[in-house]
Structure formats: C-alpha cells, structure tokens
Amino acid sequence: GDSVTQMEGPVTLSEEAFLTINCTYTATGYPSLFWYVQYPGEGLQLLLKATKADDKGSNKGFEATYRKETTSFHLEKGSVQVSDSAVYFCALSDPGYSSASKIIFGSGTRLSIRP
Amino acid sequence: EPEVTQTPSHQVTQMGQEVILRCVPISNHLYFYWYRQILGQKVEFLVSFYNNEISEKSEIFDDQFSVERPDGSNFTLKIRSTKLEDSAMYFCASSGGQFNSPLHFGNGTRLTVT
Numbered sequence: 001g002d003s004v005t006q007m008e009g010p011v012t013l014s015e016e017a018f019l020t021i022n023c024t025y026t027a028t029g030y031p032s033l034f035w036y037v038q039y040p041g042e043g044l045q046l047l048l049k050a051t052k053a054d055d056k057g058s059n060k061g062f063e064a065t066y067r068k069e070t071t072s073f074h075l076e077k078g079s080v081q082v083s084d085s086a087v088y089f090c091a092l093s094d095p096g097y098s099s100a101s102k103i104i105f106g107s108g109t110r111l112s113i114r115p
Numbered sequence: 001e002p003e004v005t006q007t008p009s010h011q012v013t014q015m016g017q018e019v020i021l022r023c024v025p026i027s028n029h030l031y032f033y034w035y036r037q038i039l040g041q042k043v044e045f046l047v048s049f050y051n052n053e054i055s056e057k058s059e060i061f062d063d064q065f066s067v068e069r070p071d072g073s074n075f076t077l078k079i080r081s082t083k084l085e086d087s088a089m090y091f092c093a094s095s096g097g098q099f100n101s102p103l104h105f106g107n108g109t110r111l112t113v114t
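Sequence order for the protein chains is H and Z. Mind the numbering: the first sequence is residues 1 to 115 in the working numbering, read in order. Mind the numbering: the second sequence is residues 1 to 114 in the working numbering, read in order.
No lab work stands behind these hints: they were computed from the structure. There's no promise every hint is true.
Here are the simulated DSSO-like pairs of lysine-lysine, each with C-alpha atoms no more than 30 Å apart in a straight line [as the list claims (entries may be wrong)]:
no.: 1; chain 1: Z; residue 1: K57; chain 2: H; residue 2: K60
no.: 2; chain 1: Z; residue 1: K57; chain 2: H; residue 2: K52
no.: 3; chain 1: H; residue 1: K68; chain 2: H; residue 2: K52
no.: 4; chain 1: H; residue 1: K56; chain 2: Z; residue 2: K78
Let's have the full structure, built from the sequences with the hints guiding it.
As structure tokens, then:
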C-alpha cells in the first residue's frame with residue numbers, strides 16, 4: 001500500500017542553520033504531497049503542498065519539490081528560527097482512493113532550534 | 001480564517017466507559033475525517049465520512065467505533081467501551097472535496113483511558 005518514510009528525529013539545529021528533512025513515498029497512482037507542521041500543544045497545520053511532478057510548494061521560507069524520479073519531497077529552509085521548532089509530517093494523498101482523499105502520514109520529525 | 005474546532009480538549013475516562021468526541025468542521029466542507037495519534041507515534045487514519053455515510057475506514061476502526069453527523073454542524077466520534085490502548089490524541093479534519101483540496105485539522109482531543 002501507499003506509504004511515506006521520513007527521516008527520524010529529533011533534529012537539533014542552531015538558529016540560522018540550513019534545514020533539510022528527507023521524505024520519500026511509495027504510491028500506486030499520482031499522489032499529491034504535503035508537509036504538515038504540529039507546534040507544541042496544537043493540531044496539524046498544512047505547511048505546503050505540491051500536486052504534480054516538479055511542482056514546488058513553498059510557505060514561510062520552507063520549500064519542497066515533488067520529485068517523481070526519486071519519489072521524494074524533501075523539506076528545506078535556508079535559515080531556521082527558534083519559532084520553527086515543531087514536529088513536521090510528510091504526507092501524501094492518493095486520488096486513487098475514494099473521493100474522500102484520505103491522507104497518509106509519515107512518522108514525523110521533531111525539530112528543535114537552539115537560539 | 002475558518003477553522004475546525006474540537007471539544008473537549010482533554011477527556012479522561014475509565015476503561016469500559018463510552019466517550020463521544022465532538023468536532024465542528026468548516027461550514028462549507030463536505031468531507032470529514034478522524035485521525036488518531038498515540039503519544040510519540042504516527043498520525044493514523046481512522047475513518048472518512050461523506051454524504052452521511054462512511055467512505056472508508058481503517059482496520060483500527062472496529063465495531064467499538066462509530067461516527068455520526070447528527071445535525072448540519074457537528075461530527076462526532078463515539079467509542080463504545082474504551083480500552084487502555086485507545087488513549088491517544090484524536091484529530092478531526094475536514095476538506096472541501098475538490099480535487100487535491102487539503103485537509104484542515106482541529107487542535108485535537110487528548111483522550112486518556114485509565
């Protein structure tokens with residue numbers, strides 16, 4: 001079945017460092033890809049998405065490019081801030097499912113940024 | 001911006017008791033979902049709901065679970081006889097239903113079964 005694999009955390013970086021969180025997927029169809037973020041004590045928020053190959057999703061300085069050839073959707077940010085500390089989830093939605101396009105999540109990567 | 005709201009934020013119950021978790025999805029959304037996240041683990045799909053019926057459910061969603069949309073605004077998850085392993089954060093989500101429309105999640109209800 002469809003699945004998402006992302007790098008295990010926790011990831012600890014200093015402020016202004018470059019961030020990469022790796023994510024690869026397995027899907028039978030042509031999925032849409034997402035990054036969701038969960039700040040401490042809060043729910044899941046959509047960070048960015050890409051719906052087809054070579055699309056780049058971006059938001060709040062974060063970027064991810066849908067790479068069909070490598071089945072990847074790595075999350076990057078050039079200069080992280082303390083406020084970016086959260087758990088990041090890579091996810092996919094496969095339109096081959098029923099019309100209620102459920103999302104399949106990766107296991108999450110906890111990111112901690114040191115001042 | 002409209003948001004999905006869930007109540008209560010934290011529910012403590014004894015094993016064997018029934019619980020109902022409540023959600024108010026975004027008003028013009030058509031698809032509704034429940035997910036759960038056991039502490040420190042992956043967010044897992046439970047069930048999706050459209051047009052007043054279940055569209056899909058996971059193997060986790062056994063006979064102890066049920067969902068209902070009793071009126072035009074609420075979407076509830078009932079667990080008939082809770083077990084210790086039902087302790088988790090339960091997230092409600094809704095989407096507009098357009099192709100590739102993203103899911104909007106609530107802040108979750110933390111269920112603790114003692």
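Tested hints:
1. For a cut-off of 30 Å, the pair hint linking K57(Z) to K60(H) is broken: about 34 Å separates their Cα positions.
2. Our distance criterion of 30 Å between C-alpha atoms is met by K57(Z) and K52(H), whose separation comes to about 26 Å.
3. Restraint check for K68(H) and K52(H): the C-alpha separation of about 8 Å stays at or below 30 Å, so the hint holds.
4. With a C-alpha separation of about 39 Å, the suggested pairing of K56(H) with K78(Z) is violated against the 30 Å cut-off.
In this structure, the hints that do not hold are numbers 1, 4, in rising order.
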